[in-house]
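Chains A and B supply the protein sequences, listed in that same order.
Residue numbering for the first sequence follows my numbering, starting at 171 and increasing by one per position.
Residue numbering for the second sequence follows my numbering, starting at 4 and increasing by one per position.
Bear in mind the hints are in silico, worked out from the structure with no lab data behind them.
One or more of the hints may lead you astray.
Unchecked claim - In the EDC-like style, the derived pairs of lysine to aspartate or glutamate whose C-alpha atoms are separated by at most 20 Å in a straight line are:
#, chain 1, residue 1, chain 2, residue 2
1, B, 137, A, 284
2, B, 137, A, 259
3, B, 137, A, 427
4, B, 226, B, 206
5, A, 222, A, 259
6, A, 222, B, 206
7, A, 222, B, 94
8, A, 227, B, 94
9, A, 287, B, 206
10, A, 227, B, 206
11, A, 287, B, 93
12, A, 227, A, 284
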Amino acid sequence: MTSQVTSAYADPVPPLTGPPGRPGREVRRRIGVGQALANGLTLAWRNVTQLKHSPEKLMDVTLMPIVFLVLFLYVFGGVVAGSTHAYLEILLPGLVGQMAMFASMGLGTALCEDIHKGVFDRFRSLPIARSSPLIGAVLGDTVRFLVVMVVLTAFGSALGFRFHTSPLAIIAAYALAYVFYMAICWVSVLVGLVAPSPETVQGISFIWTMPLVFGSSVLLSNTRTMPGWLQAWVKVNPVSHLADSVRALTIGGPVGDHVIYTLVWAAGIVIVAFPLAMRMYRRRV
Amino acid sequence: MAIVIEAEGLTKRFGGTRALAGVDISAESGQVLALLGPNGAGKTTIVRVLSTLLRPDSGRASICGYDVESEAVQVRQLIALTGQYASVDDELTGTENLIMICRLLGMSRTAARARAREMLGRFDLADAASRAVKTYSGGMRRRLDLAASLVGEPEVLFLDEPTTGLDPRGRSEMWHTIREVLAGGATVLLTTQYLEEADELADKIAVIDHGNVVASGTPTELKARIGSQTLQVRAADQTYTRQVADAVALVVGTRPDISADTGLVTSTINDPALLPAVVRLLDDLGIVAAELALRLPSLDEVFLTLTGHPADEDAEAPARDWRAA
Chain A
171 MTSQVTSAYA DPVPPLTGPP GRPGREVRRR IGVGQALANG LTLAWRNVTQ
221 LKHSPEKLMD VTLMPIVFLV LFLYVFGGVV AGSTHAYLEI LLPGLVGQMA
271 MFASMGLGTA LCEDIHKGVF DRFRSLPIAR SSPLIGAVLG DTVRFLVVMV
321 VLTAFGSALG FRFHTSPLAI IAAYALAYVF YMAICWVSVL VGLVAPSPET
371 VQGISFIWTM PLVFGSSVLL SNTRTMPGWL QAWVKVNPVS HLADSVRALT
421 IGGPVGDHVI YTLVWAAGIV IVAFPLAMRM YRRRV
Chain B
4 MAIVIEAEGL TKRFGGTRAL AGVDISAESG QVLALLGPNG AGKTTIVRVL
54 STLLRPDSGR ASICGYDVES EAVQVRQLIA LTGQYASVDD ELTGTENLIM
104 ICRLLGMSRT AARARAREML GRFDLADAAS RAVKTYSGGM RRRLDLAASL
154 VGEPEVLFLD EPTTGLDPRG RSEMWHTIRE VLAGGATVLL TTQYLEEADE
204 LADKIAVIDH GNVVASGTPT ELKARIGSQT LQVRAADQTY TRQVADAVAL
254 VVGTRPDISA DTGLVTSTIN DPALLPAVVR LLDDLGIVAA ELALRLPSLD
304 EVFLTLTGHP ADEDAEAPAR DWRAA
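Sequences and hints are given; from them, build the entire structure.
Next comes the structure, spelled out in structure tokens:
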């Protein structure tokens with residue numbers, strides 16, 4: 171057999187150190203942080219390329235901001251702010267927070283589906299960092315954030331929304347929303363890893379996102395008519411802090427400590443959710 | 004010669020199912036080791052342990068001397084896995100799939116693109132390079148999967164049921180491709196449900212049943228242990244089935260089985276030289292055979308001989324189910 175001839179050549183005197191059978195090639199002992207990030211970026215490229223081939227996967231993030239903006243604006247506008255135009259100024263910055271939450275939900279489902287296919291087996295048998303497929307999934311989800319924010323802002327502007335602050339403040343508002351989005355994506359990843367099937371991911375996601383999205387100052391900046399316990403919840407809710415930050419940074423008014431709280435929350439979410447997600451990933455995949 | 008793949012006393016349980024019951028296997032540098040067994044015998048579980056995807060409950064395994072548990076990082080730099088369920092990305096094109104793997108292995112963008120083009124050409128996929136993999140045929144997917152495994156030039160290649168689910172043409176194409184890969188000199192662990200496939204490709208076969216190695220040896224040794232082969236003859240004109248059966252009985256010495264539906268006459272023989280004798284006799288009688296073949300025993304017959312019971316098809320171990328892990 172040819173293989174025996176080959177192996178006679180490929181099998182020199184075993185090296186003095188280590189057991190026999192070690193190959194001639196260089197073998198690294200560990201995978202550095204730099205490589206983990208590079209691998210993560212490659213896998214993010216994979217997710218973005220998938221979206222390029224099937225843009226219909228972006229349908230939810232394209233239609234969601236339009237539907238929500240129209241519904242909330244015309245249902246609540248008159249009652250809450252006296253006119254739809256006045257309400258749009260309060261609502262659109264709030265919806266930046268809400269859309270960041272809703273757009274992150276798709277990630278859990280996508281990840282759960284991915285794991286049920288064989289692709290993750292290949293990733294795990296490659297010499298890449300364990301965390302890379304998850305980091306790649308989260309980074310790749312940037313596309314969904316961009317789409318949802320562009321549609322929301324463009325459609326809102328068409329309905330009459332105008333920024334009242336400096337371009338720098340506006341950029342800061344969306345950057346803050348992006349940071350929060352990246353953090354909340356890790357919760358979505360965790361749900362995707364915990365859920366037994368892709369179908370159940372959405373149900374679980376709604377349960378944790380609803381109180382955060384609606385028990386917040388997303389729809390109203392004035393929360394004084396709410397009962398005390400709800401006011402307390404709204405005050406600690408990170409989505410409220412994000413909505414209030416974006417409001418101040420886009421239409422003006424005091425920013426206060428909302429930005430700091432939003433960033434602290436984002437960091438806290440990552441610190442808790444990332445190691446938990448990695449643990450579930452190791453155990454379940 | 005250096006041992007490249009080694010496993011000793013591997014055991015693994017999934018809930019109440021015992022998937023591995025103390026498996027010992029080894030393969031030397033450049034060898035092709037085939038794990039032969041029915042569904043649920045534990046073949047895939049062995050592959051998953053050796054490719055660092057699954058921790059065994061007990062026992063140890065190593066690749067090129069690196070422990071699959073404590074030195075998994077090193078092991079992953081030396082192996083490549085081609086899964087039973089082709090693990091390529093459906094939604095990417097062939098080129099994109101290979102570029103992704105190249106990039107993950109640390110190649111530059113330019114090098115990755117060049118390597119992807121080279122591999123697609125080598126695996127006869129150049130025409131389909133820019134098509135999404137979901138439009139590929141089963142055989143094309145397997146070839147792409149194999150190409151993805153080989154971009155990193157692994158020392159050890161795992162082929163988990165590379166031809167299961169392929170039609171006969173896809174299977175022989177895949178064998179051809181695998182044989183080319185084998186000429187490269189990598190050590191290969193192949194799992195299969197077909198003795199014919201193991202016989203075609205392997206230097207050494209380990210027969211797996213209920214998580215145990217029940218027999219092992221070279222294909223020749225194994226076939227010698229099983230002994231018999233199956234002679235199959237079918238007359239072009241089925242009105243001659245009777246005469247064909249008589250002719251076979253005359254040459255072989257025992258009455259063959261006759262299938263009333265297909266007119267296929269089947270007989271177990273121990274001497275391959277009987278085949279030409281049957282051919283000559285049929286020729287003398289002026290009977291034209293539509294089908295005439297000498298087959299290796301099926302997996303069922305192998306199992307019946309080696310273990311005394313037929314291959315148990317429904318003892319499916321949940322080896323791929325992460326919930327069980």
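### Task
Against the earlier hints, flag every one the structure doesn't satisfy and list their numbers going up.
2, 3, 5, 6, 9, 10
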